[in-house]
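With chain A's structure known, arrange chain B on it following the hints.
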Amino acid sequence: VPIRSPDSIPTSPPIASRSDLCSLTAATSHAAQQQQQLGAELERGGGGPSSAPAAMSSGMSDSAGGRAGAELMVEQFHLKVLHAVLAVRAPRPLAGGAGAASFRRWDSGFHLPLHDPPPPPEAAERLDALAPGEPLVVDIHLAPAGAGEGGAVVERWTVACEPWPDAEGEELAVNRAYKHCFTLLRSVYAVLRFLPAYRVFRLLSANQSYNYEMVHRVGSFAVPFTRDEEAAMRSYRFVPVETQLGRLVVSVQYLPSLSAFHLEITSLSPSMLITDYVGSPAAEPMRFFPASLTEAAGSAFPPSYQQQRPHSWAPPALWPHPAAVPQAKFSPQVIYASPTPSPPNFQGGYQQRLMRGESAPMCIPQVGERRSPVHRQNTLDPSRGFMLPPPSPRRVGDLGAAGAQESPSECGRLIGRIEGLRMVDPYASSSPRHKGKDSKEESGRFSALSSCDSPRQDDLDDADYPFVVDDVDTPVSQLGSNDGKEMGDQAGSSSRKSQDAQVGSLVHLLRTARPLRDPSYSSQASRAESGEVASTSSVMSRRTSDALEELQSFKEIRERLLSRSSAKHQEPPEKP
Amino acid sequence: MNCVTCQLKELELESTEIRDVLRCILHTIFFHRTLSLVRPKDVDCDFFEITYVQCGLPELEKEVDEKIDQFVAWVEKHPNRKSQICLSFFDEKNKHPGWFGNKTERAYWEQWLINLHVMSPKRYSKSSSSKVLTNIGGNALEETSSRRSALESSIHEVLFQIINFANEKKDHIPAIPDRIFNHEIMIPSSSDSVFGWNTVALRRVLNSGHPYSL
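Residue numbers (the working numbering), protein chains in the order written: chain A, 991 to 1566; chain B, 155 to 368.
So that you can see chain A by itself, here it is in the shape it has in the complex (with noise of 0.2 Å):
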C-alpha cells in the first residue's frame, strides 16, 4: 500500500466524524444508479446468465463503455467498498425494522446488497477528489468517549486502483473484472465481520454508553503508522482484481486483539431513558396533582414552572448531560464493568419506575380530605399569631357545671365554636370514645385529643393544644345539653361556611375576647358570641400580665395532657 507523506499530495481535511448515516443524498443514489446500469450493461455484454465462459472472458471492452466502463467500474467499488466499511464501523443506534426486508435496488451493486445507509456526502465526495493510483483510505479509531476524534487506529482500510506501468490493462474485458469484483467484495464484506472490530461496533451500537467511541477518517494518504504501532497490527492484502485502468487493491491493518481496550459502560445515556410514556409526568406533569388543588393553587404550577427547574421526573435533558463533560480515558465514573449492558442499580429502580408509568413520590393532600394534624396544629399554633391562649384551666372546671345557670365561660364557649368547625380529625375513625358525637360533628378534633386515641407527641409538641379531652368532654355534653339549641344555631352557621373563613373568625374571636379577669365578661361574652363567626367586634388590647399568665395555665394544661396520655399508653392491655 503506497504510503505517501502530506506533502506529495494536495492536502484535504480528512473526514473524522462519527456521522449520521441515515441520510440518503441524491449523490449517493445517482453512484447507485449507475451501480445499477453499469451491472445491467456489463451482464448483457456477457450475453446473460447461461451463455459459456469463453463469451464472458472474451474481450468485451468494445462493450459496456470499455474504458468508460472500467473508470465507472472502478468508482463504484472505491464507493462500494467504502460502503460495506462505514456500514459496520460507524456506530448508531440500532433502528428496528432494519435488515434484510429493507433491501432497495439501488444496494444491489455487484450483486451485493448493502441494506445499511449509505455513506455519509461529505465522505463520498471524497472519491471525487481521489487522483488515478491515489488510495482511498478509511481509519477507525477507538477514542474516548466524547473525544470527537484521536484515539488509537484500530483498523485501516485502504482500496486503490494501482494503474498499470503501461498498457498492460487495455485488452482486459471490463465485464471480466466485474465479475471478478463480486468475489473480491464478498471477501471484503466477510473479513469486516471477521476481524475484532465488528464485536465492538456492535457493543457501541446497542450502547452507546460506553468510556469509548468508535470514529472513522476517510482520507486520500495514511498517516504513517509508529514503530511500535506497526508491529502491532497485522495485515492482509486481498487478491487483487486487474481492471483495464489498473489492479484494484484492497488491503487492511488490523489490531488482532482489542482487550487493551476496556470497553466499560460510564453513564446511561440519556436516550435510553423514556421520557415519553403514556402516562409520564414529563408529559402530562399537572396531571398527577387533584383538579381541586391545582385550581386553588391557580398558577402555583405553571406550565412554565418545570422548565424553570429539573425536578425528580423532568426529563433527563434538564440534567447536566455527562457527555458534555470530557471524560479521561480510563473514566473514574465507570459504574459497572458488564459485557451484557443493564442499568445500574442505583437508577434502575427510578427508571422502572418510569418505565411502569408511576410518578416520583409525592404525597399531596386534597382539599376536603382530612388535614394533617401538623397543617391543623399550625393554624392554632399560637407562635405563629393565629390565636390567642384560651381561657385559664381555672375557668375550665367553672366550665364543667352542668346546668350551670352561670353563665358559661368564655373557654367553654370557645370550645362550642370549636366543635361546630368541620375540621376533619384523622383520628376520628380511630376513636371509639366519640363515636356518639359524629352525629353531632363535633367529635372531630376532640378524639385527636382522646387520650386512648393516638394524639401524637410531636403534635402536642408543637402547639400548645390547649383542648383537654377528658375535662372538657363532659363541659362539652352540658354545654350541648344547656345550650344545645345555640351549638346547633351556630353549627348550623358555621356548616355553609368555609374552613378557612371558620378558623378566621375563631382567630377574630379569640382576639377580640375579653380578658379572663374582666368582672363584665360573663355578662358581655353572650352578646360577643352572637353571630360571632361574622360579627366584628372592637378589638379589646390585654394587658402583657394577662397574656402571661394565660400562657402558663396553657402550659399546666398541656402538662396535663401529656402526662395522661402517657399514663393510658403504658397501661397494660385490657384482658377479654
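Treat the hints loosely; a few may be bogus.
[Stated by the list, open to error] Straight-line distance between alpha carbons at most 20 Å, and here's what the computed SDA-like set of lysine to any residue pairs gives:
no., chain 1, residue 1, chain 2, residue 2
1, B, Lys163, A, Tyr1226
2, B, Lys195, A, Val1178
3, B, Lys324, A, Glu1161
4, B, Lys195, B, Arg177
5, B, Lys195, A, His1105
[As the list claims (entries may be wrong)] Here are some chain B residues pointing at chain A (derived, C-beta under 7 Å):
no., residue
6, Ile172
7, Phe185
8, Leu189
9, Leu191
10, Asp196
11, Thr205
12, Val207
13, Gln315
14, Ala320
15, Asn321
16, Glu322
17, Lys324
[Stated by the list, open to error] Each pair of labels, with its calculated beta carbon distance range:
no., chain 1, residue 1, chain 2, residue 2, range
18, B, Arg260, A, Val1213, 47 to 57 Å
19, B, Ser343, A, Ala1137, 55 to 65 Å
20, A, Ser1225, B, Lys257, 45 to 55 Å
21, A, Asp1218, B, Ser274, 41 to 51 Å
22, A, Val1268, B, Phe314, 23 to 33 Å
23, B, Asp200, A, Asp1156, 45 to 55 Å
24, B, Glu322, A, Ala1222, 20 to 30 Å
25, A, Tyr1226, B, Lys231, 33 to 43 Å
26, B, Glu203, A, Val1268, 38 to 48 Å
27, A, Glu1220, B, Glu203, 21 to 31 Å
28, A, Pro1122, B, Gln224, 46 to 56 Å
29, A, Glu1160, B, Asp196, 33 to 43 Å
Everything labelled a hint here was simulated from the structure, so no lab data went into it.
Since the structure is predicted, the reported quantities are computational estimates derived from the model, not experimental observations.
Ideal Cβ positions, reconstructed from N, Cα and C, are used throughout, including at glycine.
Relative to chain A, chain B alone:
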C-alpha cells in the same frame, strides 16, 4: 474442464463444536461462490467469537444442517477419527441423449476438502485425592479454554485460506446463474477408508490429474 481443489487446514475439535465449525466453513465457501444476488446474513458462532456470513437462502441452510446432522451421526459411530467433508461444484450437461432418456453428466469444476479430526473429551487420571481432583477440575477448564482459543485461531486461518483461494481461482468459474451453482456435500460413509477420507472425492481428484491446491 479441470477440477480445482482446495485442501483446507485440518482442524482438531470436539464433537460439540462440529456444527459451529462446519456451518462457518461451508457457508463461507458458499458465500464466496454464490455470485448471484444474495441476501447476506450475519451469524454468530455459538462457541467462538466469530461471525460469518450466510447467503440468506433458506434451502441452502436446511441442506447444510442436514448434512451436518448426518456427519455428527457418523462421528458418534466412529469416534476419534480423522474425517473429510467434500463440497463440490459442478456443471450438469446432457450427454448422449438416447432413446431412453437423457443422461446427464456432471462436470466438477471445483471442490473444497474440509479436514476434521474429531476428538473425544480428554479423560483425566483417577486420583483419590480430593485436592488433586479439584486441581484437575481447574486444569480442565483451563485446558478447554486454551484449546478452544487455539481452535478459534485455526478457524480464522481456515477462513482466510478460503478467501485467498476463492479470489485467486476465479477464471474457472462458469457463467453466473441466477441461482446457486450446482453442488453436492459429501460426508464420510461406512464404506469409506479407515481414515475417513471420502473415497469418491479422492478418486475424482486423482482422475482430474490436477494437483492438490494449497
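Taking the hints in turn, this is what the structure says about them:
1. B:Lys163 with A:Tyr1226: holds (19 Å)
2. B:Lys195 with A:Val1178: Holds. Lysine 195 of chain B to valine 1178 of chain A sits at ~15 Å (cutoff 20 Å).
3. B:Lys324 with A:Glu1161: Holds, because 18 Å separates the two Cα atoms, which is no more than 20 Å.
4. B:Lys195 with B:Arg177: holds (13 Å)
5. B:Lys195 with A:His1105: Roughly 11 Å between the alpha carbons, so the hint for lysine 195 of chain B and histidine 1105 of chain A holds.
6. Ile172: For isoleucine 172 of chain B, the interface hint is violated, since the closest Cβ of chain A sits about 20 Å away, which is over 7 Å.
7. Phe185: holds (6 Å)
8. Leu189: holds (5 Å)
9. Leu191: holds (5 Å)
10. Asp196: holds (6 Å)
11. Thr205: It holds, given that the least Cβ distance between threonine 205 of chain B and chain A is near 4 Å, below 7 Å.
12. Val207: holds (5 Å)
13. Gln315: violated (12 Å)
14. Ala320: Check passed: Cβ of alanine 320 of chain B comes within 6 Å of chain A, closer than 7 Å.
15. Asn321: Hint on asparagine 321 of chain B: holds, closest Cβ of chain A at ~4 Å, below 7 Å.
16. Glu322: The hint holds - glutamate 322 of chain B has a Cβ within 7 Å of chain A, the shortest such distance being about 5 Å.
17. Lys324: Holds: closest Cβ of chain A sits about 5 Å from lysine 324 of chain B, inside 7 Å.
18. B:Arg260 with A:Val1213: 47 to 57 Å: holds (53 Å)
19. B:Ser343 with A:Ala1137: 55 to 65 Å: With Cβ atoms ~59 Å apart, the hint holds.
20. A:Ser1225 with B:Lys257: 45 to 55 Å: holds (51 Å)
21. A:Asp1218 with B:Ser274: 41 to 51 Å: Given a distance of about 44 Å, which is inside 41 to 51 Å, the answer is holds.
22. A:Val1268 with B:Phe314: 23 to 33 Å: With a Cβ separation near 52 Å, valine 1268 of chain A and phenylalanine 314 of chain B fall outside 23 to 33 Å, so the hint is violated.
23. B:Asp200 with A:Asp1156: 45 to 55 Å: Once the Cβ atoms are compared, 52 Å apart, the range 45 to 55 Å for aspartate 1156 of chain A and aspartate 200 of chain B holds.
24. B:Glu322 with A:Ala1222: 20 to 30 Å: holds (28 Å)
25. A:Tyr1226 with B:Lys231: 33 to 43 Å: holds (40 Å)
26. B:Glu203 with A:Val1268: 38 to 48 Å: Holds: the Cβ-Cβ distance is about 40 Å, inside 38 to 48 Å.
27. A:Glu1220 with B:Glu203: 21 to 31 Å: With a Cβ separation near 25 Å, glutamate 1220 of chain A and glutamate 203 of chain B satisfy 21 to 31 Å, so the hint holds.
28. A:Pro1122 with B:Gln224: 46 to 56 Å: 53 Å Cβ-Cβ, so the 46 to 56 Å window holds.
29. A:Glu1160 with B:Asp196: 33 to 43 Å: The hint (33 to 43 Å, Cβ to Cβ) holds, given that glutamate 1160 of chain A and aspartate 196 of chain B are roughly 40 Å apart.
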